[in-house]
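There are 2 protein chains.
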Amino acid sequence: MRKVQRRNELSKQVGAIKNKLNIGVKDEKVEQDIRTFISKLSNEIGIDPYFAGRLLNILLAESTRLQVNEQDSQTQFESHLTVFMNAKKLEASGKKIIHMEVGEPDYPPPENVRKALSKVFESRQYHYSETKGITKLRTAIAQKWGNHVNADQVIVTPGGRFAVFAAISSLLSIGDELICVEPAWPAYRECAAFVGSTTKILKTTLEEEWNPDTGKLEDMISCSTKMIVLNYPNNPTGRVLDKNIVDKIVSLARDHSIYLLSDEVYSDYAFNGFTSLLGYGYEKSIIISSFSKSHAMTGFRVGYAIAEENIVNKMAKIQATGLTSVAEPMQYAALAAVEESSSENAKRMKRRLGIICNKLQEMSLEFVEPDGAMYVYPKLSGGKRDVTIIRKALDLGVAIAPGSGFGDCYSEFIRISACQPEDQLEKGMDLLKAAVS
Amino acid sequence: MRKVQRRNELSKQVGAIKNKLNIGVKDEKVEQDIRTFISKLSNEIGIDPYFAGRLLNILLAESTRLQVNEQDSQTQFESHLTVFMNAKKLEASGKKIIHMEVGEPDYPPPENVRKALSKVFESRQYHYSETKGITKLRTAIAQKWGNHVNADQVIVTPGGRFAVFAAISSLLSIGDELICVEPAWPAYRECAAFVGSTTKILKTTLEEEWNPDTGKLEDMISCSTKMIVLNYPNNPTGRVLDKNIVDKIVSLARDHSIYLLSDEVYSDYAFNGFTSLLGYGYEKSIIISSFSKSHAMTGFRVGYAIAEENIVNKMAKIQATGLTSVAEPMQYAALAAVEESSSENAKRMKRRLGIICNKLQEMSLEFVEPDGAMYVYPKLSGGKRDVTIIRKALDLGVAIAPGSGFGDCYSEFIRISACQPEDQLEKGMDLLKAAVS
Chain A
1447 MRKVQRRNEL
1457 SKQVGAIKNK
1467 LNIGVKDEKV
1477 EQDIRTFISK
1487 LSNEIGIDPY
1497 FAGRLLNILL
1507 AESTRLQVNE
1517 QDSQTQFESH
1527 LTVFMNAKKL
1537 EASGKKIIHM
1547 EVGEPDYPPP
1557 ENVRKALSKV
1567 FESRQYHYSE
1577 TKGITKLRTA
1587 IAQKWGNHVN
1597 ADQVIVTPGG
1607 RFAVFAAISS
1617 LLSIGDELIC
1627 VEPAWPAYRE
1637 CAAFVGSTTK
1647 ILKTTLEEEW
1657 NPDTGKLEDM
1667 ISCSTKMIVL
1677 NYPNNPTGRV
1687 LDKNIVDKIV
1697 SLARDHSIYL
1707 LSDEVYSDYA
1717 FNGFTSLLGY
1727 GYEKSIIISS
1737 FSKSHAMTGF
1747 RVGYAIAEEN
1757 IVNKMAKIQA
1767 TGLTSVAEPM
1777 QYAALAAVEE
1787 SSSENAKRMK
1797 RRLGIICNKL
1807 QEMSLEFVEP
1817 DGAMYVYPKL
1827 SGGKRDVTII
1837 RKALDLGVAI
1847 APGSGFGDCY
1857 SEFIRISACQ
1867 PEDQLEKGMD
1877 LLKAAVS
Chain B
1447 MRKVQRRNEL
1457 SKQVGAIKNK
1467 LNIGVKDEKV
1477 EQDIRTFISK
1487 LSNEIGIDPY
1497 FAGRLLNILL
1507 AESTRLQVNE
1517 QDSQTQFESH
1527 LTVFMNAKKL
1537 EASGKKIIHM
1547 EVGEPDYPPP
1557 ENVRKALSKV
1567 FESRQYHYSE
1577 TKGITKLRTA
1587 IAQKWGNHVN
1597 ADQVIVTPGG
1607 RFAVFAAISS
1617 LLSIGDELIC
1627 VEPAWPAYRE
1637 CAAFVGSTTK
1647 ILKTTLEEEW
1657 NPDTGKLEDM
1667 ISCSTKMIVL
1677 NYPNNPTGRV
1687 LDKNIVDKIV
1697 SLARDHSIYL
1707 LSDEVYSDYA
1717 FNGFTSLLGY
1727 GYEKSIIISS
1737 FSKSHAMTGF
1747 RVGYAIAEEN
1757 IVNKMAKIQA
1767 TGLTSVAEPM
1777 QYAALAAVEE
1787 SSSENAKRMK
1797 RRLGIICNKL
1807 QEMSLEFVEP
1817 DGAMYVYPKL
1827 SGGKRDVTII
1837 RKALDLGVAI
1847 APGSGFGDCY
1857 SEFIRISACQ
1867 PEDQLEKGMD
1877 LLKAAVS
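Chains as they are written, first to last, in the numbering used here: chain A, 1447 to 1883; chain B, 1447 to 1883.
Don't take each hint at face value.
[Claimed, not checked] Derived PhoX-like pairs (lysine-lysine); straight-line CA-CA distance at most 25 Å:
| id | chain 1 | residue 1 | chain 2 | residue 2 |
| --- | --- | --- | --- | --- |
| 1 | B | Lys1646 | A | Lys1565 |
| 2 | B | Lys1582 | A | Lys1541 |
| 3 | A | Lys1763 | B | Lys1535 |
| 4 | A | Lys1763 | B | Lys1646 |
| 5 | A | Lys1582 | B | Lys1542 |
These are calculated hints, taken from the structure and not from any lab test.
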């Protein structure tokens, strides 16, 4: 205890010095060295290295907290959701806003979903259901994904987000590390932070066409690394990875026995082909999907995960603890959607993204043409900041998501969502053009 | 590290000895003494006592884990859910089972819910909604509870269970303690365990008519105690507490600045009057309610919490991280139910509980007549064990929940649910009578 106290005193002083020199609190290299040392020491003296890692992590977390307290709080986080809320306020005051900030299709779910919903009450499909989801839905999903998947490897969740939450919080805990390729949907980081795990960022750049450097990835893996998160087709960049890169990542995961979370909610919107990670047959992979984007069913909150049964059972425990089961009427609605093709939605989305890309070319903004998903992620010119442009654009009548909502290094980027009819997209892009010039 | 290692070695030896002597691993008194000592020491040397508590807790948890590993795994947990699953299997093989194990009303939701559901698709009420729930629903709930509640103090969740989960996981963390009056719904313990908090049990007995001893409660409160959970009308006993007991509990919570989670999902089924904890105006209270029981809407998964806005905002952060928002169609269904009276349901439930009580009297089983909720919780005679009787009863055709699902000290009890029509209840009770005699 007295030693811990001396350590904390030192932390405060270090924090004050770092503050004067204007450098960040966390030093990943130093932390990694300490981790390696502790891991070695614990092996030598025969203490559980996982337990030693957890102890170390609490010490490091406490260090960071104390140092941050000594520094000024200056970071202000702006996401597509805050833009959405601001846009809603403007709308309430009578202003017309084109919504190109949120990833929510404007077209309706399939007609069969309407039919299924209309039968829910009479069919009394509104009771507690199995924790993992009703058998019919899990079976239909398993069949859709192919013969090698069985219903016990499927868990239906309230949205893809809860599948991510359940996977991360059942497989990771304090002291564990998650590696996330950025730019990325912030949910992965948020879920990791919720369980006290650390997120290590593998940064990708526009210049490298958003391809992750697998050499860097290999260097980042430590004995505390428990999971790598992939999300392709990617939100926000629209990229799909080449097979050789995915091969290398899967092989790294295998070698180090690391979970691979593959969020594939945009797989129905892949324009140049996409291969699910499921095909690798890696036993520590978790595939996430959802009806939200593919079938325009965001508000129904039905997603799912596919993984080995032992992983699914762990996720089911979280679901039982937090939710009992997923709303049964929504599961029957999803059941009606499983067999419905989403290819018309994909064609429509591709046309729309084409319109946005053309407009961006006219504006001479740099971007990588999306292979899929529902977004384009261009770089602003002349060192302009996302928040500045987004405020201007919102004043002009178009809501756009800030690039910095998808990672710390992307404040010169914006994310444009194609979830509007073509004429609205054209109009919105003209307003954006006015905002950036 | 070396000291920690010596501690762990010692733990294993202690575990082996405890195993030989057939005594439990955890010793709450000893743990409490250590906590008091560490708290004093950390104050003396100027270290954050909360941080010291967290460190201590990891050490204690590791101790317990190692000791448990040395002991034989012998506890087998049987809950009303496992009974339900077994009953379902028997039904699949053609056997007729009367379900008196699950707390799920057999009657339908109000007619207005059907109407609301039929409009969802045309009205496009299937989008992402506000994290806390749609404003209309929160406003309607706030109005129902009275003038002093505003919509920002309400958070709509996917079932009362997620409200419990969000409250516990946003307000408690590792090293914190939650006090739970047992017998109780296991969800509170499960949510506390999920965040690494310890649950301290305030045991109540049939002999004391399930009244908690507030003197004992006071003795249990430590500097690590962060929350007390109350659930009245109670699942499984049906008890409602006298005002003077609730007064004393609220006053204890105030004095020690402890959160009070009051799960009031059965408040519509209170036959002799019930006063919500909301009336106390205690700023650290969280009231949980739901449409599941009152309006027979279990499968819709809509519940809510009422608390000060700062607490609601913390819970909303968990909801945003795990769920984005609650399924919008289900929120509109709940909106249609808010104004619907549940008094007919309450009358029906009271009649049914009367039937069960009469039958139990004929069987000369001891029980406290329920003041509310949907259950009776009798004691088996002659030292009979719940699991034995429940297996017999299931063979005869009636499913009943084991008392031990609601706490470790209740294996001589069973929980009988009144969620069946009267003729079925009569028949089920006759089968139970055969099973116990």
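Hints versus structure:
no.	hint	result
1	B/Lys1646 / A/Lys1565	violated, 46 Å
2	B/Lys1582 / A/Lys1541	holds, 22 Å
3	A/Lys1763 / B/Lys1535	holds, 21 Å
4	A/Lys1763 / B/Lys1646	holds, 22 Å
5	A/Lys1582 / B/Lys1542	holds, 23 Å
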